[in-house]
Amino acid sequence: MDLRQLSTINALSDAVTVCEYQGVKIIRIIHPMVEAGISLHGGHLLWFKPEGEKEVIWLSENAEFDLKKAVRGGIPVCWPWFGKAAAPSHGFARTSEWSLSQHRENENGVIVSLTLEDNQQTREIWPHKFHNQITFEMNAELKVSLSSTNTDTQPWSFGGALHTYFNIADINNISITGMGHTYLDSTQAGKACQGSDVLTFSAETDRVYTQSQPTILIADKNNQRTIAVTNDGDNAAVIWNPWQQLSISMADMANNSFETMVCVESTIHTPTIELQPGQSHTLATRIAIQH
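No gaps in the numbering here: position 43 of the sequence shown is 42 in numbering that gives the first Met the number 0, and each next residue is one more.
Worth flagging that the hints you see were computed from the coordinates, not collected in a lab. Among the hints, a few may not be true.
[Claimed, not checked] 20 Å max Cα-Cα, derived DMTMM-like pairs, lysine to aspartate or glutamate:
1. Lys48 <-> Asp13
2. Lys142 <-> Glu52
3. Lys53 <-> Glu258
4. Lys67 <-> Asp13
5. Lys53 <-> Glu34
6. Lys24 <-> Asp13
7. Lys128 <-> Glu96
8. Lys68 <-> Glu96
9. Lys67 <-> Asp231
10. Lys68 <-> Glu34
11. Lys220 <-> Glu54
12. Lys24 <-> Glu116
13. Lys68 <-> Glu258
14. Lys220 <-> Asp251
15. Lys142 <-> Glu106
16. Lys83 <-> Asp184
17. Lys48 <-> Glu104
18. Lys48 <-> Glu140
19. Lys67 <-> Asp117
20. Lys128 <-> Asp151
21. Lys68 <-> Asp117
22. Lys83 <-> Asp205
23. Lys83 <-> Glu258
24. Lys142 <-> Asp205
25. Lys190 <-> Asp169
26. Lys53 <-> Glu136
[To be verified] Label pairs and their in silico Cβ distance ranges:
27. Ala253 <-> Ala188: 20 to 30 Å
28. Gln193 <-> Thr7: 27 to 37 Å
29. Pro276 <-> Gln243: 25 to 35 Å
30. Glu106 <-> Lys220: 29 to 39 Å
31. Val17 <-> His180: 39 to 49 Å
32. Gly277 <-> Asn171: 24 to 34 Å
33. Ala85 <-> Thr150: 15 to 25 Å
34. Thr199 <-> Thr150: 42 to 52 Å
Virtual Cβ for every residue (Gly too), placed ideally from N, Cα, C.
With these hints in hand, go ahead and build the complete structure from the sequences.
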């Protein structure tokens, strides 16, 4: 996206401004420690760049800002299910309009929280009452926390993911560690597989790792950095790269853009999590750059 096309709607503070881009409202953060953008459509972080660093989050150059679909890239919020467990794929949170609930800032960084509650449209898709809050803590690091609360009178179960797209220099020259050995291979209809300690890429990769370490490391060698991804509240880590054939089939991805992205996702897969009335659960991911 061309940040020069952002039009300011309202300056909330020195660091936080409400803007608009192609009809989508975006919370723009410009702070001495960090620059970031969060779309109210989907509760979706679009970019995150700590001071002195290259962009950490990948956003497709062909991303479509359409209020009926999710933006390609950033950190889409998959909720209340992951993948094609039901329709729409990855749930409705990533295409719902979230509300800005709070923003705070000091010399150490910025915190922004958004909320999403059930409404007539969500209850037609998923007949439960809920309150979701997603909080972005931004400075040299990024922490994203999605807290889900059951506000219904009956228990319900949910899954989901923080579907993070990472910006890398070259998919052919990265390696990932900490994801564990055991995974379900979605390119082989969910076949259970055993892998090695180090993951490299030479073809389409779509794996649900079921015994990952709390911290997964992406060695982005050509950028001379390691991205540390620490997940919490999850039971799986999804790692995905579409490779060329699949990316060519996606209108919102350039044909070769698979070379500069990889997804490492904090995921609630199977089993899903059941919440009793009044109970909450938090799914989180923390992202830090190491040199």
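Which of the listed hints are broken here? 4, 9, 10, 13, 14, 23, 24, 25, 28, 29, 32
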